[in-house]
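*Asks:* As a plain string of letters, each chain reads:
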Amino acid sequence: MYQLVLISLGLVFGSALLGMFADYQHSLARFLHFTLLAFAGALCAITSFAVLINNFTLVWQLPLGLPWLNWHQQLDGLSAFFLMIIGIGTLAAALYAPKYVTEYKNSGQPFAALAVPTSLFIAGMMLVVIAADAYSFMIAWELMSISSYFLVTYQHQNSANRRAGFIYLLMAHVGGLFILLSFGILAGFAPDAATAFTFDGMRAASPSLLWLTISFACALIGFGMKAGLVPIHVWLPEAHPVAPSHVSALMSGIMLKVAVYGFIRVSFDLLGEIHWGWGAALLLIACITALFGVLYALIQQDIKKMLAYSSIENIGIIFIALSLSLIFFGQNLPHLGTLGLIAALFHCLNHAMFKSLLFLGAGAVIHSSKEHDIDRMGGLIHFMPWTGIFFLLGCISISALPPSNGFVSEWLIFQTSLQAAAIDSGVLRAIIPISAAVLALTGALSAACFVKLYGTAFLGKPRIRSIKKSREVSFGMLSAQGLLVSLCVFFGIFPTFVLNLLNNIPQQLFGEGLSQAMSHGWLWLTPISAKSAEYSAPLVAFGLILALLVWAGVYFIMKPKRKLQNKGRVPPWDCGFGPLNSRMQYTGSNFSMPIRRIFSPVWELSEENKLQARNGLKEHAHTLIYRENSDDISWKIFYNPIIKMINFSTKRIGKIQTGHLRHYLAYSFFTLVALLWLIS
Amino acid sequence: MVNILNIQGWLLVLIQTSLFILLSPLLAGWIKWLKCHLQNRRAPSLFQPYLNLWRLFNKEVLLPQNASLIFRMTPYILSGVILLAASVIPFIFVRVPSAATADVIVLVGFFALSKFFQSLAAMDIGTSFGGLGASREMTISALAEPAMLMSVFTLAMIAGSTNLSSVIETLLSQGLVLRPSLLFAFAGLVLVAIAETGRIPVDNPATHLELTMIHEAMILEYSGRMLALIEWASMTKLMIYGVLICNVFFPWGIAESISVGNVFIAFFAIAGKLFVLSICLAIGETVFAKMRLFRVSIYLSLAFTLALLGLLSHIILEVGA
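Top line first, the protein sequences correspond to chains A and B. Residue numbering for the first sequence follows our numbering, beginning at 1 and increasing consecutively. Residue numbering for the second sequence follows our numbering, beginning at 1 and increasing consecutively.
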């Protein structure tokens with residue numbers, strides 16, 4: 001069965017090869033490239049689904065790499081689940097891209113420079129989740145990082161892209177180093193030196209708690225850097241918006257999940273022992289991440305930057321669930337730990353679906369309107385009705401409103417945190433509900449954020465004239481969004497199905513599952529017991545549909561009567577001052593103003609008011625320019641001191657480099673003398 | 001967990017929910033009547049809200065230019081969601097099949113969904129009033145929702161369940177115990193309810209002054225049956241909060257088993273509780289003035305702090321003890 005995974009990998013590499021020879025002029029090679037990718041994605045998703053549902057664990061080796069170091073690979077429940085997410089994301093991107101990439105026809109960049117890294121990027125992600133030794137894991141991880149660097153800098157003529165690419169590359173490598181250290185510590189304690197670098201060897205290692213904690217911290221920094229935990233997230237809001245949109249969807253929706261996979265693999269599987277202190281520390285970081293992400297998302301005007309910050313928020317939510325799970329496992333409450341883990345995995349799946357969907361939708365909007373700034377859009381739902389509806393459903397999901405899939409996973413996280421009473425330690429019992437409060441605040445703010453995004457971009461009137469020329473995008477681009485929307489709706493209405501699937505993962509890792517969760521049939525979600533909480537998404541959805549159907553019935557019965565009185569559209573209320581124009585609408589910045597004022601210390605906001613006047617007279621003013629700028633505060637708090645420190649120390653060290661040969665000879669001589677003295 | 005093919009149960013749901021939404025205009029009329037008398041004004045009839053709704057249902061709908069699908073769908077979605085929310089609240093009976101489908105977190109989610117659509121509909125026309133109302137509504141709800149969740153979590157942790165029926169049953173079975181956590185949660189929830197139903201001091205339901213209005217600004221463009229549905233939904237929402245506060249914190253009298261006598265007692269019990277609650281609300285609305293919008297955040301953070309104190313005092317004082 002694992003051959004199917006290798007076949008889909010082969011297809012991805014094949015598409016990379018084809019992409020090398022494809023260009024914007026000839027559509028055949030381009031078409032074949034994306035077809036191969038789509039097949040690879042579908043095959044990968046179906047295979048891993050089959051593996052997951054049948055509870056298989058496949059292990060194999062590839063004769064690659066150094067002669068005495070084969071690549072170990074595996075496909076257990078956890079890997080299969082993330083491989084499934086990658087497959088779905090790849091399929092959606094491949095459906096979407098053929099028409100979308102024509103946008104770059106006149107950009108001056110060759111198609112191959114986009115196609116080859118895209119394929120390698122996808123292959124890298126697949127290889128990461130099936131790796132079963134540190135060696136192939138690191139190779140795959142670097143393949144993923146470096147190929148996505150080329151995607152970020154695809155349009156390298158913009159300086160913003162080059163800057164984003166540099167920060168990304170730098171942080172990806174620092175992160176990679178930490179991951180390597182984390183593996184290294186475990187491998188160093190492995191009993192059998194020959195297989196120390198394999199995951200099995202690391203599992204057998206039993207370091208002291210201190211070393212375990214160091215290894216955990218390294219993994220947290222390494223994977224957290226990729227996932228976007230605050231304050232090591234700064235590459236994310238710069239890199240995700242500047243990549244082509246289908247790549248942004250892959251990066252935000254899928255690659256962040258690969259980082260989450262790595263974290264879960266190390267901390268829940270390889271370390272072998274879980275300490276509740278790790279969970280408590282992580283909980284703090286995760287809460288800050290979630291709040292920080294949503295607050296920064298709220299004040300953005302660039303549609304893709306907003307989505308990127310919202311990814312940080314969702315990663316925070318996933319890590320809240322993971323840290324709850326770590327705390328419960330560390331406190332010897334495995335069934336509650338399992339619940340937290342499943343909630344985190346469910347949110348991973350959901351976020352992969354709706355964030356990819358929203359990035360694809362944002363790409364469609366940008367493709368069609370040539371605008372990034374939501375404060376210049378407006379009324380797009382009239383010009384792009386299907387994209388508008390898909391985007392709305394995505395917004396409902398990401399705002400965690402019932403009966404969407406986002407709601408189910410947040411509901412599960414709330415249920416997990418409400419079990420805090422089972423813990424003995426009073427301090428832990430007190431901090432877990434506070435994390436629930438943070439989660440509640442985050443959810444409510446993200447609803448505000450997406451009302452702002454949707455209301456400004458899709459509703460109202462067009463704010464600039466060119467928006468009126470936007471047209472609905474092609475069928476391929478819509479079908480990719482349609483695929484993701486239907487998955488979102490399905491996961492939202494039938495969550496027990498997903499839970500059944502996810503239940504196999506903790507079964508394999510800990511031999512413990514949620515026995516209760518589905519015991520009352522597919523209608524009822526009862527994570528702990530029927531007494532403590534139950535939610536029936538199908539019945540809620542049915543009730544909503546029933547209510548709407550009743551109204552639709554009433555509407556159609558009344559319709560003949562209504563037609564007689566139909567007087568057409570009327571102008572909206574203008575207070576008697578004459579017609580309203582589109583500049584009088586609330587913009588996104590207006591919308592978020594009350595929230596900006598309430599949470600003002602969080603941002604570093606700079607506002608600029610400029611009055612342009614004729615003859616330098618205030619009375620002859622004709623234009624008022626208002627610009628606001630918000631820099632990520634983590635630069636000021638965290639990065640600028642580091643940069644300053646490095647600059648300072650390099651300047652000091654630079655002093656000994658005089659450039660005179662005799663000084664260097666003297667350095668060598670004294671070093672030699674010192675060394676001789678040391679060994680004598 | 002209930003048998004979903006329980007016909008009798010669903011019949012009770014139907015009766016209870018229709019009673020709920022049919023009586024909600026009466027509650028609104030009664031509060032208005034009380035307020036008028038407290039403020040030395042002549043009061044309209046108690047049944048004036050019914051007449052208003054009837055008049056609106058018979059009027060034609062004037063659709064504004066630029067209205068999209070969102071604007072036209074919202075009244076139906078809104079009333080559907082609020083109807084669903086009303087059906088899961090234990091009003092007369094503690095255990096009805098619908099109460100099992102959605103717990104208290106879902107209830108908060110229902111309110112969030114209704115606000116989401118209402119704000120979008122407000123922004124659909126492209127007037128500044130709509131954006132103004134939507135922006136304020138989402139700001140207030142962003143602060144009120146966590147406070148509400150914290151208060152209901154206190155209840156959920158006391159009862160060990162997020163299901164409203166279970167919460168009420170647990171509190172009933174414990175008898176009259178004075179818990180500090182319940183007191184805090186009650187105070188928090190009352191403050192949230194005032195903010196969420198748009199009453200003084202957060203919003204004034206009786207005015208159309210553009211500087212202060214929130215809810216009215218969002219529905220300014222609606223007319224005819226659409227307006228009627230939205231008005232009815234907001235009256236039902238007021239009633240939901242009222243019944244929630246009454247039945248959860250003072251559950252005595254609610255029918256635990258189905259018999260004619262119990263039902264009568266439960267009906268008069270809830271009517272009496274709502275009577276007292278609405279007098280308090282009317283007095284509060286007469287005594288206090290409306291707050292500035294930017295003071296609402298202080299008000300809501302007070303609600304949040306109270307609710308969090310409730311939760312912490314439960315965890316620290318009551319779990320260990």
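Worth flagging that the hints you see were computed from the coordinates, not collected in a lab. Hints may contain errors.
[What the hints assert, rightly or not] Pairwise CB distance ranges (calculated):
hint: 1; chain 1: B; residue 1: 289; chain 2: A; residue 2: 623; range: 53 to 59 angstroms
hint: 2; chain 1: B; residue 1: 41; chain 2: A; residue 2: 623; range: 22 to 28 angstroms
hint: 3; chain 1: A; residue 1: 332; chain 2: B; residue 2: 50; range: 58 to 64 angstroms
hint: 4; chain 1: A; residue 1: 600; chain 2: B; residue 2: 316; range: 30 to 36 angstroms
hint: 5; chain 1: A; residue 1: 422; chain 2: B; residue 2: 177; range: 21 to 27 angstroms
hint: 6; chain 1: A; residue 1: 583; chain 2: B; residue 2: 289; range: 31 to 37 angstroms
hint: 7; chain 1: A; residue 1: 606; chain 2: B; residue 2: 289; range: 24 to 30 angstroms
hint: 8; chain 1: B; residue 1: 289; chain 2: A; residue 2: 479; range: 52 to 58 angstroms
hint: 9; chain 1: A; residue 1: 549; chain 2: B; residue 2: 60; range: 49 to 55 angstroms
hint: 10; chain 1: A; residue 1: 557; chain 2: B; residue 2: 41; range: 18 to 24 angstroms
[To be verified] Below, a sample of chain B positions facing chain A; criterion: calculated Cβ distance under 7 angstroms:
hint: 11; residue: 102
hint: 12; residue: 150
hint: 13; residue: 162
hint: 14; residue: 251
hint: 15; residue: 309
hint: 16; residue: 311
[To be verified] Sample of chain B residues with no beta-carbon within 10 angstroms of chain A, all distances over it, derived:
hint: 17; residue: 259
hint: 18; residue: 260
hint: 19; residue: 264
Beta carbons are placed, not taken as given, at the ideal position from N, Cα and C, and that holds for glycine.
*Asks:* Beyond 10 angstroms from every Cβ of chain A: is that where the Cβ of residue 264/B lies?
*Replies:* For residue 264/B, whose nearest Cβ neighbour in chain A is about 29 angstroms away, the distance exceeds 10 angstroms, so it holds.
*Asks:* Residue 251/B was flagged as interface toward chain A. Is the shortest Cβ-Cβ separation under 7 angstroms?
*Replies:* violated (17 angstroms)
*Asks:* Next item in the hint list is residue 309/B. Is there a CB on chain A closer than 7 angstroms to its CB?
*Replies:* violated (11 angstroms)
*Asks:* Can you tell me whether the CB distance of residue 557/A to residue 41/B sits inside 18 to 24 angstroms?
*Replies:* Given range 18 to 24 angstroms: violated, Cβ gap about 41 angstroms.
*Asks:* Would the hint on residue 311/B be counted as holding, given a Cβ-Cβ threshold of 7 angstroms to chain A?
*Replies:* At 5 angstroms from the nearest chain A Cβ, residue 311/B passes the 7 angstroms test, so the hint holds.
*Asks:* Given the hint of 31 to 37 angstroms, is the C-beta distance from residue 583/A to residue 289/B inside that range or not?
*Replies:* holds (35 angstroms)
*Asks:* May I ask you to test the hint 24 to 30 angstroms on the CB atoms belonging to residue 606/A and residue 289/B?
*Replies:* Roughly 36 angstroms apart at Cβ, these two residues miss the hinted range, so it is violated.
*Asks:* Okay, residue 41/B versus residue 623/A on CB: inside 22 to 28 angstroms?
*Replies:* violated (49 angstroms)
*Asks:* Just to be sure I understand the hint, the distance between the Cβ atoms of residue 332/A and residue 50/B should be within 58 to 64 angstroms; is that true here?
*Replies:* 60 angstroms Cβ-Cβ, so the 58 to 64 angstroms window holds.
*Asks:* Is the interface hint satisfied for residue 162/B? The criterion is a beta-carbon contact with chain A at less than 7 angstroms.
*Replies:* Since the shortest Cβ distance to chain A is 5 angstroms, the answer is holds.
*Asks:* Indicate whether the distance between the beta carbons of residue 600/A and residue 316/B respects the range 30 to 36 angstroms.
*Replies:* Given range 30 to 36 angstroms: holds, Cβ gap about 32 angstroms.
*Asks:* Do the Cβ positions of residue 289/B and residue 623/A conform to the proposed distance bound of 53 to 59 angstroms?
*Replies:* violated (40 angstroms)
The earlier numbered hints that this structure contradicts are 1, 2, 7, 9, 10, 14, 15.
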